[in-house]
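Given chain A's structure and the hints, the job is docking chains B and C onto it.
Each chain, letter by letter, is given below.
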Amino acid sequence: MAEQERMIEAMLFASATPLDTREMAARMPHGCDPAEALVHLRKRYEGRGVNLVKVGDGWAMRTAPDLGYLMRREVVETRKLSRAAIETLAIIAYHQPVTRAEIEEIRGVSVSRGTVDQLLEMEWIRFGRRKMTPGRPVTFVVTEGFLDHFGLESARDLPGLKELRAAGLLDNRPPPGGLGQPGEGDEDEGAPGQNELFED
Amino acid sequence: MAEQERMIEAMLFASATPLDTREMAARMPHGCDPAEALVHLRKRYEGRGVNLVKVGDGWAMRTAPDLGYLMRREVVETRKLSRAAIETLAIIAYHQPVTRAEIEEIRGVSVSRGTVDQLLEMEWIRFGRRKMTPGRPVTFVVTEGFLDHFGLESARDLPGLKELRAAGLLDNRPPPGGLGQPGEGDEDEGAPGQNELFED
Amino acid sequence: MAENDFDDGARPVPLAERRAAEALIVDVDGFEGPLDLLLTLSRTQKVDLRRISVLHLAQQYLAFVERAKALRLELAADYLVMAAWLAFLKSRLLLPPDPTEEGPSGEELAAHLAFQLERLQAMRDCAARLMGRDRLGRDFFARGLPEDVTRRRETRYTATLLDLMQAYARIRTRDEFRPFVMDRDAIFTMEQALERLRGLIGFAGAWTDIVSYLPEGFSGDPARRRSATASTFAAALELVKEGSAELRQSGIFAPLELRRKD
Chain A
1 MAEQERMIEA
11 MLFASATPLD
21 TREMAARMPH
31 GCDPAEALVH
41 LRKRYEGRGV
51 NLVKVGDGWA
61 MRTAPDLGYL
71 MRREVVETRK
81 LSRAAIETLA
91 IIAYHQPVTR
101 AEIEEIRGVS
111 VSRGTVDQLL
121 EMEWIRFGRR
131 KMTPGRPVTF
141 VVTEGFLDHF
151 GLESARDLPG
161 LKELRAAGLL
171 DNRPPPGGLG
181 QPGEGDEDEG
191 APGQNELFED
Chain B
1 MAEQERMIEA
11 MLFASATPLD
21 TREMAARMPH
31 GCDPAEALVH
41 LRKRYEGRGV
51 NLVKVGDGWA
61 MRTAPDLGYL
71 MRREVVETRK
81 LSRAAIETLA
91 IIAYHQPVTR
101 AEIEEIRGVS
111 VSRGTVDQLL
121 EMEWIRFGRR
131 KMTPGRPVTF
141 VVTEGFLDHF
151 GLESARDLPG
161 LKELRAAGLL
171 DNRPPPGGLG
181 QPGEGDEDEG
191 APGQNELFED
Chain C
1 MAENDFDDGA
11 RPVPLAERRA
21 AEALIVDVDG
31 FEGPLDLLLT
41 LSRTQKVDLR
51 RISVLHLAQQ
61 YLAFVERAKA
71 LRLELAADYL
81 VMAAWLAFLK
91 SRLLLPPDPT
101 EEGPSGEELA
111 AHLAFQLERL
121 QAMRDCAARL
131 MGRDRLGRDF
141 FARGLPEDVT
151 RRRETRYTAT
161 LLDLMQAYAR
171 IRTRDEFRPF
181 VMDRDAIFTM
191 EQALERLRGL
201 IGFAGAWTDI
211 VSYLPEGFSG
221 DPARRRSATA
231 STFAAALELV
241 KEGSAELRQS
251 GIFAPLELRR
261 KD
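So the sequence lines, in the order shown, correspond to chains A, B and C.
Everything in the first sequence is counted per this note's numbering, starting at 1 for the first residue and increasing by one.
Everything in the second sequence is counted per this note's numbering, starting at 1 for the first residue and increasing by one.
Everything in the third sequence is counted per this note's numbering, starting at 1 for the first residue and increasing by one.
Extracted from the complex, chain A is given alone in its bound form (with noise of 0.2 Å):
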């Protein structure tokens, strides 16, 4: 097992993006087990300068987050994202799987050209599978790139996320009657959303 462990600490070490245990194991040995040497690997990190995180489905080794002072010289700048991008990405995150016309009910306002693609292209967001909805929709969810930026082990440990979900505000609530409101012209329903997608 410590040997494994040599193993997997180097190819994490190695790698400046997450590995999942299927790639770790196809380059190791024949009958070695990533998973357990995992656990052993993620204790010793613990507290230390670097650790072990999970990153959706793959395990990457970071920095400790109050070090951070310490590698101002490593800062990469990210791109500016505006107020539309964030407030856009957010919903992604909260409400995944999640279409563009749900998106724009939520936001109150069309999506712009340009947002989506902006959040595609620093590989933040992805398609996920269309919606069985008139139209067959396609959606939104988050990637593990967007988990690995903001520490996230999965989309489930978002900030607050019970919270919201325990006050309904997750909730794809109709307008009542129908009677729409603008920009809830398309709106697309009881898809199985991030509330039941969560419901352990």
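Keep in mind the hints are simulated off the structure, nothing from the lab.
Any given hint might turn out to be false.
To give an idea of the interface, some chain A residues facing chain B are shown, with a C-beta separation under 7 Å as derived from the structure [claimed, not checked]:
{"hint": "1", "residue": "ARG6"}
{"hint": "2", "residue": "GLU9"}
{"hint": "3", "residue": "ARG27"}
{"hint": "4", "residue": "LEU38"}
{"hint": "5", "residue": "TYR45"}
{"hint": "6", "residue": "VAL50"}
{"hint": "7", "residue": "LEU70"}
{"hint": "8", "residue": "MET122"}
{"hint": "9", "residue": "ARG126"}
{"hint": "10", "residue": "PHE127"}
{"hint": "11", "residue": "ARG129"}
The calculated DSS-like cross-link candidates involving lysine-lysine, where the alpha carbons are at most 27 Å apart (straight line), are [stated by the list, open to error]:
{"hint": "12", "chain 1": "A", "residue 1": "LYS162", "chain 2": "A", "residue 2": "LYS54"}
{"hint": "13", "chain 1": "B", "residue 1": "LYS54", "chain 2": "B", "residue 2": "LYS43"}
{"hint": "14", "chain 1": "A", "residue 1": "LYS43", "chain 2": "B", "residue 2": "LYS131"}
{"hint": "15", "chain 1": "C", "residue 1": "LYS46", "chain 2": "A", "residue 2": "LYS162"}
Covered by chain A, according to a simulated footprint, are these stretches of chain B (three or more residues, beta-carbon under 8 Å) [what the hints assert, rightly or not]:
{"hint": "16", "segment": "11-20"}
{"hint": "17", "segment": "53-67"}
{"hint": "18", "segment": "129-137"}
We put the CB at the ideal spot given by N, CA and C, even for glycine.
Same frame as chain A, but now just chains B and C:
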């Protein structure tokens, strides 16, 4: 000392170049002694998957030499697919199963043998069933590997032209040498009728 | 949920509030749509969004739109649509419910609007919390020197989903743009005219107006007629030049006549 060890561990991990003690000291809070922390850290990494090594005057973390074989698969030089290949791939993805003649008809130019071979070799496309038309031509379809690479659940989740346009992904430049057309480059989503053109 | 607030807005408005309202109007471009504006207005009520007075809010919004119109600000259609909807909602809230009327009650509509505002606010808060998190490349870092020991070099071709979709869009729009290429249908080239004349002139021993040589479908539409006339004329000159035809005109603007020359 444990704290200083954490600091240099994080710095060495995140740095793209080896760091010498002077640089480390400059970045650490006043009164820290990286030299002593380095001794501890080096000891800590002894026999691990990654080691702390001296490189010239500086220090760096490196994969343990005996584990180099794990890294070999990561040695890849990535290159963008050629335009011909990406177009061919796109047509296969959107129209599968599709014959070579059909691809050529859609692209308007012949498809070189090398392009198809390359896509086959990358295992992004494979042969589908033969078409029941004269000559029984072979068809191409995309593979699981393709879906995996592009983060798609199925090829049907690819957005249609209308959606591409709505997302602002549609490149509206006229074909090279073509006549400019009305409304070209217009921010607003199009003259009526134009939309119909993009209905797929 | 909406308190029935029969205030007509006639009460004197405190200075600070007036200033705030003016700031809103001047800054109309700064709003991301009607819902955003409503949310901003609702903040002046300083209450839980669930207990907000939708009626009061509707009045504020309508007053805003009125004043913006007075200032001749261009208000986007969706602001006006929202205004119309809020006016409708206001009437529903003010009038006693009509039992024969179908559809949702004013209270239900108001509750939904309050829900939308609360949800939008919640998403804004989430966005802020998200952006305030420790972030990769800013607060925590990946390995600065990923070890891609280049011992066995293998070329791997790659492409992103964006590349794929753009490629497809490029091909397909090239197809869709074919109609524009068809604009050239209105043009009858000289080569075409020459070919047509050569074929026809063999049968025409007598003087014939060149206009009668215009191809079918090119005499109606002026643009097409102009193009065909010009190219046919040019083709006729070409035939004369090579000695296979004669051209004559009896006077200025008189018909041009063409005859085969043996």
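Outcome of the hint check:
1. Interface hint at ARG6 (chain A): satisfied, since its Cβ lies 4 Å from the closest Cβ of chain B, which is below the 7 Å cut-off.
2. Given hint, GLU9 (chain A) at the interface with chain B, holds; its Cβ is 3 Å from that chain's nearest Cβ, closer than 7 Å.
3. Interface restraint check: ARG27 (chain A) against chain B, minimum CB-CB distance 5 Å, threshold 7 Å, status holds.
4. With a cut of 7 Å, the hint placing LEU38 (chain A) at the interface with chain B is violated, because the nearest CB-to-CB distance is about 13 Å.
5. The interface hint given for TYR45 (chain A) is broken, as the beta carbon of that residue sits about 10 Å from the closest beta carbon of chain B, more than 7 Å.
6. Interface hint at VAL50 (chain A): satisfied, since its Cβ lies 5 Å from the closest Cβ of chain B, which is below the 7 Å cut-off.
7. Annotation: LEU70 (chain A) was flagged as interfacial toward chain B, and the flag holds, the nearest CB pair being 5 Å apart, inside 7 Å.
8. Interface restraint check: MET122 (chain A) against chain B, minimum CB-CB distance 14 Å, threshold 7 Å, status violated.
9. Restraint check, ARG126 (chain A) versus chain B: the minimum CB separation of about 5 Å is within 7 Å; hint holds.
10. For PHE127 (chain A), the interface hint holds, since its Cβ comes within 7 Å of a Cβ in chain B; the closest pair sits about 6 Å apart.
11. The interface hint given for ARG129 (chain A) is met, as the beta carbon of that residue sits about 5 Å from the closest beta carbon of chain B, less than 7 Å.
12. This hinted pair checks out: LYS162 (chain A) and LYS54 (chain A) have alpha carbons roughly 20 Å apart, not beyond 27 Å.
13. Proximity of LYS54 (chain B) to LYS43 (chain B) is assessed by CA-CA distance (about 13 Å); at most 27 Å being required, the pair is judged to hold.
14. In summary, the hint linking LYS43 (chain A) to LYS131 (chain B) is not supported, as the alpha carbons are separated by about 57 Å, beyond the 27 Å threshold.
15. A distance of roughly 25 Å separates the Cα atoms of LYS46 (chain C) and LYS162 (chain A); the hinted pair therefore holds under the 27 Å criterion.
16. Using a Cβ-Cβ cut-off of 8 Å, 5 residues of the segment 11-20 of chain B lie near chain A, which meets the minimum of three, so the contact claim holds.
17. For the segment 53-67 of chain B, the assignment as covered by chain A holds, since 4 residues bring a beta-carbon within under 8 Å of that chain's beta-carbons and 3 suffice.
18. Evaluation of the coverage hint for the segment 129-137 of chain B: breached, as 0 residues show C-beta separations to chain A shorter than 8 Å, against a requirement of three.
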